[in-house]
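Participant: Please work from the sequences and hints to get the whole structure.
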Amino acid sequence: MKKKYWLLLSTVFAIMLVLAACTEKETGSEKPTDKEPEKTEEGAKDEGGTTAEQPTLASEVTNEGDALAGGTLKYALVTSSPFKGVFNWELYQDKYDSEIMKFTTNVLFDTGEDFLVTDKGIAKLDVDVDNNKATVTIQHDVKWSDGTPLTADDLIYPYEIIGHPDYTGIRYDDDFQNIVGVVEYNAGKADTISGIKKIDDKSIEITFKKVSPAIYSIGDGLWGYAAPKHQLKDIPVADLITSDAVRKSPVTLGAFKFDKLVDGESVQFVANEHHWRGKPKLDKVVVQVVPPASIGEGLRTGQYDMASSYPTNQYDGVKDLTNLTVLARPELAYSYVGFKLGKYDTNQKINITDEKAKMNDVKLREAIAYAMDIEQVTEKFYQGLRSRATGLIPPVFASFYDSTLEGYNYDPEKAKAILDEAGYKDVDGDGIREDKEGKKFSINLASMEGSDTDEAIIEYYRQNWKEVGLDVQLSTGRLIEFQSFYEKVEMDDKEIDMFMAAWGTGTNPSPAGLYGKGATFNFSRFVTDELTALLNDIDSKEAMDPAYRGKAFRAWEDYMFAQATTVPMYFRLEIIPVNKRVKHLNIDWMNETKWHEVELVAENPVK
Amino acid sequence: MWKTVIRRILIMIPQLFILSLLIFILAKQMPGDPFTGLITPETDPNRIEELRIKAGFYDPWYVQYYNWITNAAQGDFGQSYTHEKPVASIIGDRAEKTFALALFSVILVYLIAIPLGVIAGRYHDTFVDKTIVLYSFISFAIPAFVLYLIFVFVFGYRLMWFPTSGTVDVSLDPGTWEYYWNKFYHLLLPGISYAILGTTGIIQYLRTEIIDAKTMDYVKTARSKGIPMKKVYSRHIFRNSLLPIAAFLGFTITGLLGGSIFIESVFAYPGMGKLFIDSILSRDYSVITALVMLYGFLALLGSLLSDIILSIVDPRIRID
Amino acid sequence: MSFMQVQDLKVHYPIRGGFFNTVVDHVFAVDGVTMEFERGKTYGLVGESGSGKSTTGKAMIGLEKITTGKIIYEGQEVTNQRRNRDSAYNRDIQMIFQDSHSSMNPRKRVLDILAEPIRNFMKLSPQEERKRINELLAIVGMSEDVLLKYPHEFSGGQKQRLGIARAVACNPKMIIADEPVSALDLSVQAQVLNFMKEIQEQYGISYLFISHDLGVVRHMCDHISIMYKGRFVETGKREDIYSNPQHIYTNRLLSAIPNIEPETRLERKIERQKVEAIYQQEQHKYYDEQGKVYPLKAISESHKVAMAGTEKGGL
Amino acid sequence: MANKNKKTVENFKSESSPPTGIQVVLREFKKDKLAMFSFLGIIALMVAVFVIASWIIDKEAVMKINLIERFTEPGVSGYILGADEAGRDMFGQLIIGAKNSLLIAIAITILANVVGITLGIIMGYYGGFIDNFFMRIIDFFITLPTLMIIIVVVTIVPKYGITELIFIIAAFQWMSTARLVRSKALSEARRDYISASKTMGTSDFAIMFKGLLPNLSSLLIVEVTLNFAGNVGIETGLSFLGFGLPPSTPSLGTLISYAMNPIILSSKWWIWLPASILILVLMLGINYVGQALRRSADAKQRLG
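Residue numbers (this note's numbering), protein chains in the order written: chain G, 107 to 713; chain S, 5 to 324; chain B, 96 to 410; chain W, 3 to 306.
By construction, these hints were calculated from the structure, which means they are not laboratory data.
No farther apart than 30 Å at their CA atoms in a straight line, the calculated lysine-lysine pairs in the DSSO-like style are these:
{"#": "1", "chain 1": "W", "residue 1": "66", "chain 2": "G", "residue 2": "522"}
{"#": "2", "chain 1": "G", "residue 1": "531", "chain 2": "W", "residue 2": "66"}
{"#": "3", "chain 1": "G", "residue 1": "572", "chain 2": "W", "residue 2": "161"}
{"#": "4", "chain 1": "G", "residue 1": "208", "chain 2": "S", "residue 2": "187"}
{"#": "5", "chain 1": "W", "residue 1": "32", "chain 2": "S", "residue 2": "218"}
{"#": "6", "chain 1": "G", "residue 1": "545", "chain 2": "W", "residue 2": "161"}
{"#": "7", "chain 1": "S", "residue 1": "218", "chain 2": "W", "residue 2": "35"}
{"#": "8", "chain 1": "W", "residue 1": "200", "chain 2": "B", "residue 2": "165"}
{"#": "9", "chain 1": "W", "residue 1": "186", "chain 2": "S", "residue 2": "7"}
{"#": "10", "chain 1": "G", "residue 1": "546", "chain 2": "G", "residue 2": "572"}
{"#": "11", "chain 1": "W", "residue 1": "161", "chain 2": "G", "residue 2": "449"}
{"#": "12", "chain 1": "W", "residue 1": "66", "chain 2": "G", "residue 2": "469"}
{"#": "13", "chain 1": "B", "residue 1": "105", "chain 2": "W", "residue 2": "200"}
{"#": "14", "chain 1": "G", "residue 1": "201", "chain 2": "S", "residue 2": "32"}
{"#": "15", "chain 1": "G", "residue 1": "545", "chain 2": "W", "residue 2": "66"}
{"#": "16", "chain 1": "B", "residue 1": "136", "chain 2": "W", "residue 2": "200"}
{"#": "17", "chain 1": "W", "residue 1": "66", "chain 2": "G", "residue 2": "546"}
{"#": "18", "chain 1": "G", "residue 1": "600", "chain 2": "S", "residue 2": "32"}
{"#": "19", "chain 1": "B", "residue 1": "244", "chain 2": "W", "residue 2": "212"}
{"#": "20", "chain 1": "G", "residue 1": "520", "chain 2": "W", "residue 2": "66"}
{"#": "21", "chain 1": "G", "residue 1": "449", "chain 2": "S", "residue 2": "32"}
{"#": "22", "chain 1": "W", "residue 1": "212", "chain 2": "B", "residue 2": "160"}
Everything numeric in this text was worked out from a predicted model, so none of it was measured.
Facilitator: Put into structure tokens, the structure is as follows:
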């Protein structure tokens, strides 16, 4: 019997020892000799369990050393499920497919400040605002990866794919139908799209129903990619998505071309010698799907040179590693708290604000916003990788972002005062405020299930609200899984008074699709004539002038702030760890290093 | 017996039919649909509605079911909305990986469990036996995925003995010896981890069988005829005890397929179990229903297989 | 005067088979049995195993489903009431099982086992119940200290006595005894049989005594029926059967009664072989084309034999 | 051996017990000290968990977020087992989690076994059509890929808490018990004591549950014990896959699932290891108890 106990205990100890050994190794690597004293201090503080200061992460890194001739870059695509493998810009829906395609990109236009089209790319865009026309001209002698020259036909073909009656993707949308003749083509009434004309081998002209500032963000129906017509033309559109030309061996314009593929797991690219900007310096790029759980370890052990994006809740795992540099850039997104103020009328297809809605009290909403200690959350839970959002335009959009906005900074006293003033008073003395009539008052919050961190954050906010006397309960009693969350929010579920969500803005920050009168995504269901006017102004022809547009954005943001129907919570940072053998890399949106320029300084990733 | 086998197979048809109805209705009840995941300001909600209508999501459920089941009966399980591929082709691809893992694990389980079970039974009540029994108890008691996580961490991340994601290295050419070796190499860690925890049942069964057999008359007779104990073990006890183990094969394999959900989640091994979890999260109805049907079918097949093997190895057991 | 009649009782079991598991045939376990019972008499039911004698008993008491036929008890048809648990019929007809061990719930004490019928049929107060149980123990000659014991603590004979005590607990009119002693040693057999006789004399109970042992039956029974393949081949008073057996099957059974007198051993062996030879030769005359037994024909007031229409059987 | 056992009981006149009763179990436990120790250990553990969770720990205080104590190590500033990323006390969470997990497992076991045993006995006792009918249903359910269907159902249920979890899992757990009980009841119901009870006017209900059921009890104890162990496993498994309880309702499963984050797995062991060890110890104990019970139910294997 005694032996048995001993064995059991020794097993347990063995497990602990193994783990302890691993931990020890890690702490060892935390304190390398050549580290600057400042950083060690940070490490020391860390053991206490807190990180006080925000990380100031660069977006650019340069490492010493002579570049290798060639070499293979190991790129980790961080996702928990296999990629789908639709390598075609017109057809793909999964964002990881587009992550892979950036090595082979068929993109026509370069973008600069505010993600507006520049003249530096393959093609040049000329807009004739008065006649609602745009001309796209190929500027260089560009060849596809199989050596065939790029022609105007390759620029037209994407429109013919998307507009085709057999097309089942998501891009045949309202925007796309802004092109003259697309609807007829889609209905099978026309053989070609009447609004698209081939001028010569190098340029095409597109006629739109209307033109807005969005066209410079490649919106309004303009398509930013070329499609290899010579490869795709013989494949019926209905069969494209399963064809080898899309799944296995697409012909491309980018720095690299597809070489080998393990479905859903990894792709090997080789240099595209026909690349129009010049032959890439690397020989190969291997993209491998890596689950978020193992990416930290993969980078630490030098299995990968860089990661597509690193999970923020594991920042601890890489921030002190010496073999890599953690780069960061803002995400094109913001998180927010929204309040349900009405319903979407599916017949009229408009949002209708309900005057009597429970949350239709601007004071209440303001108080909720002021009671949230967002700074603490960004600092402790997100370790500075998110920051309190002050408006609804992320700072990336330099011309539109207004740094003078303050947003709702944490001020519980102010929140209490506002609530007192609005008539929400604690009548029965239980520390929870009652509503204006003195009845029990509790607010239902819906939030999405994510990491364990998310759960703790929501709890923290609930504590915040409780401190000012507001009882906030979770709808359904727990965080809601992604699919159910959006279904409930979209259906204006009665159990939801407010919700926490996030929007990616894309490269065109126009808020019309998210706050407009007819927008289904206007989940707050808040509409006023004033708001409609402000939104229209942002996308008006006058707003073609960025300065005017910037003012229009500011006016809209001020209005949203005053109404407090959507409370911005965070702007996010995307972190990309890069191994020290990568000679130079800049991930800044405006000056991103092009893939053909990337070089390595060592045969293998630094461990 | 063939009659019974055919009858059993025929009974599967209504069973699978009811299962299909059940899972179809359940899957449709799940909140959200494959297109909910496409929400971004850049996608047009009207287009998504159009796609929903095209996909038939607004038809009455029995119309949807009828369309689905009539196609499924002809082997067409529809289109996966998230993968944009025929369901059969995705599952076929993933099934291959899961089956490879399952086969390897089963072989390993038997390779570990049979010797241990025999030794424990033969040297009953010795230190060796007690150690084996303790191992089998602990492997039963330990929360499996914790051990999997520790294994991945220690052998995958820290010691780096095994790869931790994917099924094969992309740079290798299919068909070469290295390619297959690399595939096998990717199987090793999940396979071994499963096998270490999956032996409890067989070890304990074999052990009690052998302990029981030692007191059986036929063994005593053999001993009294002067046959050495070693021969008695190899000729009589071992063979008689092993046959029922062979019959467990069907159940072991189906059990493993169930366990694939855990294994594949932890080891990021893109097989059917992982596909199931992913499809649940993305509400890929067609894949969910087809996978559940497949697992149900395999479970039925497994139990039939076990019964057949059992009736072959042990004439006393008849199946009907 | 008979108080209970069994008329043309049949118990058939379906045989399932074929691909869809449909009913392809029937087993004719009991195939037309007619009997009458008088008070205080013992009726023997004899046959080889599988002849349907046990099934007949079980069908009468409600443990087997009757396919067709009637049971009339004190002028009332009770065929379908047999399963009605608290009917008078159920109370008046009781059973003693062959295996006394398995007929008692191993988890119950003797007290509860004996009390089971009393609690169900006689609404007695706890004291009365206890009194009745003590009486029963006295009847089968056991002391009161067994009450808290479990069945496995008794020997076979003791258990069968407890079984009898339980059967008589509610003063039944008739007891169906299904091979009550065949599992017991010879010495114990006699003891148990004598108990049964004593109780019969005391309470005027009728027995349906089912057995394959012609010797025991001769000792116990007033009236004997020989059963073969679900039918009676011969039925009559004890003397009719033992001194004037008419059916070839009866003869064969009788010749097989063991006898321990050494001097007649050889003689009996020759006799047995002779009977067997005749049986092999002549048996076709006594069974119809399907091998079934012919309907019974009365050859005297009490004696009936199964024979073909014209043929006169016997030796 | 069975006979030998009978004789010893017969000699042991002063007290009597049925052949597979409590006494046999007790004797088995006396012989197997480890099982005895496990049994007492499990009981003590469960009592301790329930007492501490119900009276000593303030759930509200445990679940209160305290950002200053983020990832506090065990033993530091009064945290016996440290704190998690939100500064919540891990010891408190462990106890509350253990209570929740045990409650869930117990409730599922009771629910599934009551249904399974009742149905099994009814099927075994009546046989025939009833038996056939339910057997078809059970045959169908038993081949279902249960885990998958539970996951699908979990995503459908709108308000998903402890009660819902219990019912969902229990809905798929009764079949194997029913089948086992049915097969035993089927053979038991053919025994003469059942026939005797019928002829003596006992109602079907009484025969089934007072006559038959006690004779299956030793088998059932084993079944229930092992079921209990299995149900602890199912809850943790579901939580691990992310279909279990939310972190605001800690359970052993949710605590263990924190280990999926490799940083927590490697350097914050106090978050997941105690829960894992608790499960390991609990399951080992149940297993030892189960083995002893099984031996006492099967005369052939008894030690004493």
